[in-house]
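2 protein chains.
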Amino acid sequence: MSHTDAELAAWARERLGHDFTDIRLVRRALTHSSAASGPDSYQRLEFLGDRILGHSVAAWLYGAHDEAEGRLTARLHALVEGAANAEVARGLGVSERLIMETNARAKGLHQSDNVLGDVAEALVAALYLDGGWDVANAFVRREWQQLLDDGPRLLADPKSRLQEWALKRRRGMPVYAVIDRQGPDHAPRFTIEVHVRGQEPAQGVGASKQEAEKAAAVALLSKVQT
Amino acid sequence: MSHTDAELAAWARERLGHDFTDIRLVRRALTHSSAASGPDSYQRLEFLGDRILGHSVAAWLYGAHDEAEGRLTARLHALVEGAANAEVARGLGVSERLIMETNARAKGLHQSDNVLGDVAEALVAALYLDGGWDVANAFVRREWQQLLDDGPRLLADPKSRLQEWALKRRRGMPVYAVIDRQGPDHAPRFTIEVHVRGQEPAQGVGASKQEAEKAAAVALLSKVQT
Chain A
1 MSHTDAELAA WARERLGHDF TDIRLVRRAL THSSAASGPD SYQRLEFLGD RILGHSVAAW
61 LYGAHDEAEG RLTARLHALV EGAANAEVAR GLGVSERLIM ETNARAKGLH QSDNVLGDVA
121 EALVAALYLD GGWDVANAFV RREWQQLLDD GPRLLADPKS RLQEWALKRR RGMPVYAVID
181 RQGPDHAPRF TIEVHVRGQE PAQGVGASKQ EAEKAAAVAL LSKVQT
Chain B
1 MSHTDAELAA WARERLGHDF TDIRLVRRAL THSSAASGPD SYQRLEFLGD RILGHSVAAW
61 LYGAHDEAEG RLTARLHALV EGAANAEVAR GLGVSERLIM ETNARAKGLH QSDNVLGDVA
121 EALVAALYLD GGWDVANAFV RREWQQLLDD GPRLLADPKS RLQEWALKRR RGMPVYAVID
181 RQGPDHAPRF TIEVHVRGQE PAQGVGASKQ EAEKAAAVAL LSKVQT
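Protein sequence lines correspond, in order, to chains A and B. Okay, so the first sequence: first residue is 1 according to UniProt numbering, each after it adds one. Okay, so the second sequence: first residue is 1 according to UniProt numbering, each after it adds one.
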């Protein structure tokens, strides 16, 4: 699909809430690598947006929840994993505006959680580069808060979601195993591996077994939800 | 060691370059979990500071290097890994100001890369909460730039550093193995596991084998440099 600069500017004004000085940033954030050489696709923006998103959500969670670091980390991961970011992108109408090769679109990549999640992050970076930290931060609060309001199921315990995913495909129950334990007794770090039949195992790290299991479940879910 | 608020404020003014309104943030950032219950130690601040640091360094690298995302990610990881952050903390004189139980100090924890690296991140969060993004961002640029200027060896290729580490301990050469490959041909994601005799293996992910190997080496180094 091709969009004029004016169309993209109108969309950004309405859906991202920002009047872009440099509309090329929006175009780049929406451009899949199938349609452009490296520097003109969203990949570099996604690198930056990923960290801005992490900062914004971490600051928000830090202020909102008087909880230990492990619990905050679990909340953060659930909020900024691929599937959650993809949900934000869908809400913004990114699928219809993605700039990608016909072939890639025919394969359904414009609906893939990986691609949409990356674009959500790239848009955060575009807002940051054009409008600064306050603009990007306000956008994240607004859109990811929306996610919390609309999608409690999406953000449910990742272990339950992985179990649901595996059972639906007749892969049996996920199996968790502690493969490493580091650190002193008052601050242990567990590494846990989760196995689901027919998948490469995935690992997660956490300050408790429960937290490491959740991280492992998120890691495996993010691999299978391409 | 115990420090008065005035001493901490003077240190923060001189070494962190900021006049704190709430000096309790500095105290908390310097307090190890051996010396205080959860909410009064640096762990929650470290959760937040980790993401602020990532954002700051990512924005800096994005602007400074016109490179593909994979290369930027490798640079970022080398700059914000535990050993690098610990180096910043040492430069600030954190070891001498750490608030920890005598017992933990006797074990040498005040010189551990893990502890010092966490405190460097907690201090970034303290600056952010007291002074805002611009103050925290300027601090990161200043101190981590210093690291680039002073410590090119520290930031050398992590594969070389891991090899050096292993050979010094007579563990033989590190062995790398591809354990997973996902994504389409134009955007593959490799997962690589590195094995060093006597250590749990560590994994890394990247857009090329080289990048995934570096990430795996960083992961293993961060486990052993406690």
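In short, the hints are calculated from the structure, not lab data. Where hints are given, some of them may not hold.
Same chains, same label: a pair holds when it works inside one copy or across any pair of copies.
[Unchecked claim] Once the Cα atoms are required to be at most 20 Å apart in a straight line, the calculated DMTMM-like pairs of lysine to aspartate or glutamate come out as:
#1 Lys223 - Glu193
#2 Lys209 - Glu7
#3 Lys223 - Asp185
#4 Lys107 - Asp185
#5 Lys168 - Glu7
#6 Lys209 - Asp22
#7 Lys159 - Glu193
#8 Lys107 - Glu67
#9 Lys159 - Asp130
If you're wondering where the values come from, they're calculated on a predicted model, not measured in any experiment.
These are the hints, each one checked on the structure:
no.: 1; hint: Lys223 - Glu193; result: both (14 Å within a copy, 16 Å between copies)
no.: 2; hint: Lys209 - Glu7; result: neither (49 Å within a copy, 40 Å between copies)
no.: 3; hint: Lys223 - Asp185; result: between (32 Å within a copy, 16 Å between copies)
no.: 4; hint: Lys107 - Asp185; result: between (50 Å within a copy, 14 Å between copies)
no.: 5; hint: Lys168 - Glu7; result: neither (41 Å within a copy, 61 Å between copies)
no.: 6; hint: Lys209 - Asp22; result: neither (47 Å within a copy, 35 Å between copies)
no.: 7; hint: Lys159 - Glu193; result: within (13 Å within a copy, 24 Å between copies)
no.: 8; hint: Lys107 - Glu67; result: neither (43 Å within a copy, 29 Å between copies)
no.: 9; hint: Lys159 - Asp130; result: neither (38 Å within a copy, 37 Å between copies)
When each numbered hint is compared with the structure, violations occur for hints 2, 5, 6, 8 and 9.
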